[in-house]
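Kindly generate the complete structure, drawing on both the sequences and the hints.
Chains as they are written, first to last, in this note's numbering: chain A, 102 to 438; chain B, 18 to 319; chain C, -6 to 571; chain D, 23 to 309.
It cannot be assumed that every hint is accurate.
Mimicking DSSO-like on lysine-lysine, the simulated pairs with C-alpha atoms at most 27 Å apart in a straight line are [to be verified]: (1) D:LYS227 / B:LYS281; (2) B:LYS280 / D:LYS167; (3) B:LYS280 / D:LYS281; (4) B:LYS266 / D:LYS296; (5) D:LYS39 / B:LYS277; (6) D:LYS154 / A:LYS345; (7) D:LYS167 / B:LYS281; (8) D:LYS281 / D:LYS301; (9) D:LYS178 / A:LYS352; (10) A:LYS345 / D:LYS39; (11) D:LYS154 / B:LYS277.
What the hints contain is simulated information worked out from the structure, not anything from laboratory work.
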Amino acid sequence: MSASSSERGKVIARVGRVIATRLGHAIFIILAVIILTFSLIHLAPGDAAEVLTFSQGGASEEQLAEIREEFNLDDPFLSQLGNYIIDAFRFDFGNSFFFQQPVSDLVLDRLWPTILLVSTALGMAIVGGVILGVYSARRPEKTSSHVMTVLALFGFSAPIFWTGIMLLLLFSSWLGWLPSNGMNSVTVGDGFFEKSWDTIKHLILPATTLGFFYMAQYSRISRATMLEVLGSDYVRTARAKGLKERVVIWKHALRNAVIPVVTIAGFQIAAILSGGILVETVFNWPGMGRLAFEALLRRDTPILMGMLIISAIIVIVANLLTDLAYRLIDPRIRYKT
Amino acid sequence: MSNTPLIECKALYKQFQAAEGAAVHAVVNVDLELARGETLAVVGESGCGKSTLANTIIRLEEPSAGQVLLDGVDISHMGSRELRQHRQKMQIIFQDPFASLDPRRQVGKAVSEPLRIHGVTPEAGMEETVAELFRKVSLPPDVMQNYPHQFSGGQRQRICIARALALQPELVIADEAVSALDVSVQAQVINLMMDLQEEMGLSYLFISHDLAVVERVAHRVAVMYLGQIVELGTRKQVFNNPQHSYTQKLLDAVPIADPKARKKHVMIEGEIPSPIWPKGQSPELVTMREVEPGHQVAIEDL
Amino acid sequence: MKRLHLLLATLLAFSMVAVACGGSSSSDTAEGDDSPATTQAEAPEEIPAATVAEDTAEETTTTTAAPEEASDEPVSGGTLVVSTQTQAQHFNSNMASGTAPGLPSAQLFASPLKFDGDYNPQPYLAESWEFSNNGLTLTLNLVDDAVFHDGVPVKASDVAFSIEMNKASHPFSTMFGPVESVDTPDDTTVVINLSQAHPGILIAMSPVLLPVMPEHVYGEAFAAGEIREFAGNSDPSVLVGSGPFTLNEFDPTNGIIRLDRFDDFFEGPAYVDELVIQTIQDPNTVLIALENGEVHITNMQGVADLDRANTLDGIAVTPEGTEGIGAVVSMEYNLEDEVLSNNDVRKAIAYAIDKDFILNDLQGGLAFRAKSPIHPGSPFYDDSIEGYEFDPVKAAELLDAAGYPAGDDGSRGISLTMDFIPGVPDYQQNLAEYIRSALDDVGIELEVRSSPDIGTWIGYLAPRDYDLTMNILFMWADPTIGVHRSFLEANIQPIPFANNSAYINPDLEATLAKAGVATDLDERKALYAEAQATLADELPFHWIETLPTHSVYNEVVQNPPLTIWGTMSPLNEVWIAG
Amino acid sequence: MSDSALPLLEVNNLTVKFGDFTAVDDVSFQLNAGETLAIVGESGSGKTVTALSLMRLVELSSRGRITSGEILLNPPNEIPMDLADLPEDKLRKIRGELISMIFQEPLTALNPVFSVQSQLVEAIRSHRDISKASAIEMALDMMRKVRIPDPEQRLKRFPHELSGGMRQRVMIAQALALNPQILIADEPTTALDVTIQAQILGLIKDLQEQTGSAVIMITHDMGVVAQVADRVVVMRQSKVVEQGPVEQIFDDPQHPYTKALLAAVPRLGSMADKDAPEKFPLVEQDA
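Take a look at the structure:
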């Protein structure tokens, strides 16, 4: 009926408006990120040219001046900042001081591994956390539920790098089941399936390490909401309808219990990205985190700035996706602005 | 005592903004008077605007238009400092007494709070004043040290009443104040309120959806429908001689607690339309006519 | 069975290493010179033989011939994986120093000479070489069958071109600074004319310092002044090398450099089919990868990591292979500071620091004592100089004498800051923290200042905005390359690795100048000994220890690279046991 | 094969505990086919727990347990059974099929994240092996029966998009979709406005007449009891204090509590000839 199609049109218009508003905010956020970071880096003693000569084993003062000239490091601060902002909004983030390559290429090269790692970890955390949470909420008095609570507490309090090293020692060093580092074995062939399988094997440990921490959190949240949801009227209704307990739990209760998990996961994207840095270092995962870490030590300002902007974009996009996912899961939100 | 009504609403409006420029027209062109010592009941179904009317009168909401006169003084747009002195005269009790009380606070403290804020009672006499208030609502004063969860729903509502009475108000607004109570407790609280009215000369603005209760307590009754008053008169006039079709429908729907008076239900379908109007549109104003002295009814085009 | 075999091999290897170390760090280096054949290359070849004997003696039934045979005879094939901590940006060691480009560069490009574990030059592209009597001419006779990866023969002109590029582009200007001209009378003869005698030029012809590059590929970009941007520095489709491996893939995203064996290499094809250089940041990960055989060789500095490596089966740990870079940890004094310009104060500070504590407790016995800027593994190191052994009483006396008497609370009214290089706590921050407490004991207040990144630290160091700083200086095999620079007045510049103490001593500069051009080895040693004595007395730096760098490798690696350049020497003779 | 003289449902000495607290104490009553039994009582009297116990939901949803008593169900043409003693998989088949239930707050009793259609179809298909299309057809039919205007459109809606009255109609449609023998209505109109309440009560009555279902009406509202019940069970503090035909309870209450309760009930029309408000003539009762 026409009422329905106009209703749908309204929904689409609302989603479009949400996206537009967010993008508008995003531009201001990114501008603020640029100005703040650029100023902070500029305030610190030393500059990239000196770091570069340090990593090359020294240079003459003339060479140093040459590098400064090349990178425009001697320009007044405001003109450097201004030029950077103009270029950045044209998606030109300049060249890395260290790699002498366009920042966008360098960062985009590492974007895919990071997204793969973070999204796998997040997926594992949400799925695993919710399963654990549901399981322990269903029989809160059982021993296995207590074991899970302890495990969750453990995952929450254990430092990420420690978990990572323990997993490495267990599965890579002792059992020898999984590779210890990188995204692909150096000896892997080029066949698609061979390479994908190799990547999956490499992904398991770092994703588990990163995911474990958040899994613990999500299991606590979903346990709490699950307990609440299981006491709700609609679960009682579902049971009164004669539904199988499996359907009651995994359809009626879960869909509602997942809502806060999704919300929190959305808020945490930025934190997970930064948690990724540690994991990427421990497992030598070739992602953005490691590049950021190296660039920070090298004072490679263009990379740092580029990464920050791209991370900001990721966070904004991820938050937007969460928002849309949230609307999808919860129809009550779907029709509000 | 003068002849000025304690409360007088003149062409009172209250609107809320909704999405896409639409507006909830919660209170529309309401004219009301409430005399001293009188109980005026405002009845109607959920969404009819009766709670908003109460909140607007007591200035929890600022009216969108129109006036509220308290003792002849226009308080509808008064600044908060000035308002404070006047607000002492008006108190409100809500439906859920548990939500109205701070769970971590001794109830004695809760009752003495308005006294402290307004500085009307010296600290030395505070305990005795509060004890007196507890006695007034038929609670033993030695429960002052207890916390809200230690009381039953009826007792909690008594505490809320005690708190409302602390500043010796002239008007008490009871917004569905007895609706959540069990029937026996409800009867006790209502009896208490009537006692207090007699004793202290209180006026009540009694907001309720329960016509059976209203019939018991009200001197006069206003029937609200979509933000407007459609029938107004003494309790007897409205209940014994309902003129407006909506009043008749309401009364007809009330289940009578007597199996011999079982109604043969004529199924009336349909629900109350929404008080939300799109941008630029507003409800049509009703015109009242007087069917008998003091009994006004909105003219319907049937 | 195999484990036992490896264990015995490790034990033997260790005892040999211990002997070798003892030999090189004793002052008697002549013996090393006399027996250049005692290169580390031979040692492992002997070990399996001994192991076989042991094995057969103890286990009579389970021994099978095949594995031992495999260990005896070098086998071809396999992938050798070397891990590094710093990512290379290019592989052209003619325009930058550093281990990151040095490791791949030494595999992709041959050089005139290579060096063994005792600083002895060995033939490489040059089958022989000769200095003229006055030391002003060096003649190289090149092999006639060397070809670049594109099949074009390596000619004398390519060597000359590479020297020219290096002289113009490399930060170590002392390496080829004295080269006036290079003549190439024929395709296999290179005549290098020097403005002054320059014995250090030989070591400057190491693979890591002078890669020989084809002029027909790199010449145009160099002539245009665009060599730094030239794709041939890292792009597999452009880069043409002269070394034992060709560049297959450079994947900076994954930190992987993939090299293939070059079958037409003039020394014969390398044993391994493929060589992978992989960047791995975290030492724990490296250790696990080493244990799993995912990585074969690496260098490590972390004390805890090395301790763990020492406990692992099948992993060998040795300080060899790190001498060439010659990293020395020191504390620099800013001589422009009023208090520190007083030599007695500098000495008092030196006496207040317990080097034994640093070596044994902080470094777990993994680093060696260093008393001068010359690495103790170098033939020019003089161990007899004053090292300022721990003596707090003497420190107190010196401070009293210098006019800084202790007050009632023991304080001497001296308050200084200490900087350190961030990111390497084992031999920077920990030392700084220890020195703070050591100086507190003698009444000097020291505030340790942390820098969030290296840039910040350089930002303090370069403009001499510091009092004391921890530092690490690299000798790069010859004192003319990595030592002189710290003490020349002309080199007081606001950049790292210059004369950051602002030390001025014309007499010392004269001694160093003489040592740099002395053609007689003993004379050179004597001059450097004199310079070291002067520096020890004047103390612009307080030298403390070597960096606890060790070569760490999985024992499937046979003939590991334990020369002075370690993994920065060509790895064509390394093979992997089956 | 059940004897027609047997009551449809017979509850004997039912006791339900939550930990140490006895929520239902030795409760017995009967329900005959086609009749409306009201269980009345004030909050905490145990009436809702009693209702939940009949479907053994008290164990699943509230962690209570039936410690003694029996709940005998005698469905026509079927073997009688004791619900208190039935395994979960058999109970599941009875819930929604032979006994179904509607609740006080229809907004929270419907799952907010699923459409009306999804919830109705699910209820039908969990007991009937039919295609989704026929289930939708049945759902639509029920929507019409409960007089929801424009049922095709409303079927696709989510609970929060419907008014309170509509939601309760959906609940009723869901509960009656499979023609249960017994409908338990737990305060079905308490959250609704008085006009809507009248509509819902009328609807239940109409459908009951059509299908012949028996109704157990849980309520605190004596007005509702007086209007719809055939027989009344009065509960107080977990116990049944009095039960009997509705006229007898209202005209000649025996128990002091019932008397007190009725005295407190405001009856519309009782003030018709009075000018001023009047207090309730409260009856003192022994605690």
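| message | Run the distance test for LYS154 of chain D versus LYS345 of chain A: straight-line Cα separation, threshold 27 Å. | response | holds (18 Å)
| query | Holds or violated: are the alpha carbons of LYS266 of chain B and LYS296 of chain D at most 27 Å from each other? | reply | Distance of about 23 Å is within 27 Å: holds.
| query | Hey, LYS39 of chain D versus LYS277 of chain B, does the alpha-carbon distance stay inside 27 Å? | reply | violated (38 Å)
| query | Given the proposed pairing of LYS178 of chain D with LYS352 of chain A, does the C-alpha separation stay at or below 27 Å? | reply | With a Cα-Cα distance of about 18 Å, the restraint between LYS178 of chain D and LYS352 of chain A holds, given a limit of 27 Å.
| said: Check the hint pairing LYS154 of chain D with LYS277 of chain B against an upper bound of 27 Å on the C-alpha distance. | reply: Answer violated: LYS154 of chain D to LYS277 of chain B is near 47 Å, above 27 Å.
| Between LYS281 of chain D and LYS301 of chain D, does the CA-CA distance stay at or below 27 Å? | holds (17 Å)
| Has the given pair, LYS345 of chain A with LYS39 of chain D, been kept, meaning a C-alpha gap of at most 27 Å? | Roughly 25 Å separates the two Cα atoms, so the pair holds.
| When you check the alpha-carbon spacing of LYS227 of chain D and LYS281 of chain B, does it fall within 27 Å? | holds (11 Å)
| field | Straight-line alpha-carbon gap LYS280 of chain B to LYS281 of chain D, limit 27 Å | value | This hinted pair holds, its Cα atoms lying about 24 Å apart.
| field | Hinted pair LYS280 of chain B and LYS167 of chain D, Cα distance within 27 Å | value | Within the cut-off at roughly 22 Å; holds.
| query | Is the Cα-Cα distance between LYS167 of chain D and LYS281 of chain B 27 Å or less? | reply | holds (20 Å)
The structure fails hints 5, 11 (numbered hints given earlier, in ascending order).
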